[in-house]
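Take the sequence shown: its letter number 331 is residue 453 in this note's numbering, and every next letter is one higher.
Treat the hints with care, as some may be off.
[As the list claims (entries may be wrong)] Below, computed lysine-lysine pairings styled on DSSO-like, alpha-carbon distance capped at 27 Å:
hint	residue 1	residue 2
1	Lys426	Lys416
2	Lys416	Lys401
3	Lys159	Lys220
[Stated by the list, open to error] If you anchor each label on the Cβ, the simulated ranges turn out as follows:
hint	residue 1	residue 2	range
4	His231	Gly344	15 to 23 Å
5	Lys232	Gly344	14 to 22 Å
6	Gly363	Pro451	31 to 39 Å
7	Met147	Ser376	21 to 29 Å
8	Thr419	Asp310	45 to 53 Å
It should be emphasised that the hints constitute simulated quantities derived from the structure, not laboratory data. All values reported here derive from a predicted model rather than from experimental measurement. Beta carbons are placed, not taken as given, at the ideal position from N, Cα and C, and that holds for glycine.
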Amino acid sequence: MKRLIVLSTALLIALIACIKEQPMMVVAAGTGQAGFKDGFEAELNKPIRFTPYAENSIIFADINNHAIRIASIEGEVTTIAGGPDKEGYEDGPASLAKFKSPHGVAYDHKLNQVYVAGASNHVIRIIHLSDKGEPQVTTLAGTPGIAGFRDGPVDSAMFNSPHALALGNNGEVIVADIGNARVRMIKDGVVSTLAGTGEMSTQDGVLEVATFNYAMDLVMDGPDILLADAGSHLIRKIVVGKEVTTVALQDTLSTPHGIAIDSDKNVYIADMGTHRILKIDPKGALQAIAGTGKMDTTLAALNKPAAVLVHGDNLWIADLNNHQIKVLPLK
Numbered sequence: 123m124k125r126l127i128v129l130s131t132a133l134l135i136a137l138i139a140c141i142k143e144q145p146m147m148v149v150a151a152g153t154g155q156a157g158f159k160d161g162f163e164a165e166l167n168k169p170i171r172f173t174p175y176a177e178n179s180i181i182f183a184d185i186n187n188h189a190i191r192i193a194s195i196e197g198e199v200t201t202i203a204g205g206p207d208k209e210g211y212e213d214g215p216a217s218l219a220k221f222k223s224p225h226g227v228a229y230d231h232k233l234n235q236v237y238v239a240g241a242s243n244h245v246i247r248i249i250h251l252s253d254k255g256e257p258q259v260t261t262l263a264g265t266p267g268i269a270g271f272r273d274g275p276v277d278s279a280m281f282n283s284p285h286a287l288a289l290g291n292n293g294e295v296i297v298a299d300i301g302n303a304r305v306r307m308i309k310d311g312v313v314s315t316l317a318g319t320g321e322m323s324t325q326d327g328v329l330e331v332a333t334f335n336y337a338m339d340l341v342m343d344g345p346d347i348l349l350a351d352a353g354s355h356l357i358r359k360i361v362v363g364k365e366v367t368t369v370a371l372q373d374t375l376s377t378p379h380g381i382a383i384d385s386d387k388n389v390y391i392a393d394m395g396t397h398r399i400l401k402i403d404p405k406g407a408l409q410a411i412a413g414t415g416k417m418d419t420t421l422a423a424l425n426k427p428a429a430v431l432v433h434g435d436n437l438w439i440a441d442l443n444n445h446q447i448k449v450l451p452l453k
């Protein structure tokens, strides 16, 4: 005899919610100890920025290891170039190349190369990947080791602590140049300024007068650019060729350090000041989706989250001071 079980609507909804809700999980550096080791028992030292790579893997900048590395969803870490014994500046074969506190990364699938924002070297570099030989590192733009501001040809242009990169829709490289309080563009061998006057403040308006206060990370939103303006605790938008605006939110942020967007126009923020990941819906409503609000080493907690990336059906999270990469399933 079959038994019929009838669930109340409220209980059914609760059960469905429990099934759908999936906890954050560590995919790289399970122990959370700072170090440098590849493989499935990897060690990291302050992972800071991400870019999509293969279907189930990302490329990330590992600041204190002075390295550019790959992490898979299965937990394997592989170093492409750099390492703690290769701090400095040197182009050439990846096994010999040197980096110093690399921050932003952006992978160009068509050209099979990684752009790197060398914050301490004040340059933008390229790692040319190859299936046939060793990756090669070259400098794309900037004056190695010298901070400054100069637009113009890439070999004479100057940056000041470039922190984040994004690839535009027409082959351009967009740079958050935080020391210069500007957003810059590299295209066709020339560096130009998209927005920012050099003054660190928070002024909306036409591109010639708009200002930023530590625009720490950026992401393309169609033809426009969204920025995590950490110093002003705001999300800003560059309407390319027109103006800078502030995104209206229904709550406040505290040092937004990383930003990502999904196909439904939900924006994700690594809110470093509150040790949480926030989701902003298209109407501006904020919801905490990861982190407890307190810095901790537990699985559910974060310690100064630095970056977020929507890749596949997952939200990848750089848990900076826990030296881990975590993933939050979105579906």
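We went through each hint and held it up to the structure:
As the CA atoms of Lys426 and Lys416 are separated by approximately 9 Å, the hinted pair is consistent with the 27 Å bound. A threshold of 27 Å between alpha carbons decides the hint, and for Lys416 with Lys401 the separation of about 18 Å falls inside it, so the pair holds. For a cut-off of 27 Å, the pair hint linking Lys159 to Lys220 stands: about 17 Å separates their Cα positions. In this structure the supplied range 15 to 23 Å holds for His231 paired with Gly344, their Cβ-Cβ distance being about 19 Å.
Range check, Lys232 to Gly344: about 19 Å between beta-carbon atoms, so the 14 to 22 Å window is met. At about 37 Å, the beta-carbon gap between Gly363 and Pro451 stays in the expected band of 31 to 39 Å. Evaluation of the 21 to 29 Å hint for Met147 and Ser376 yields a pass: the beta carbon distance comes to about 25 Å. One distance hint, 45 to 53 Å for the beta-carbon pair Thr419 and Asp310, holds here, with the actual separation near 47 Å.
Of the numbered hints given earlier, the model fails none.
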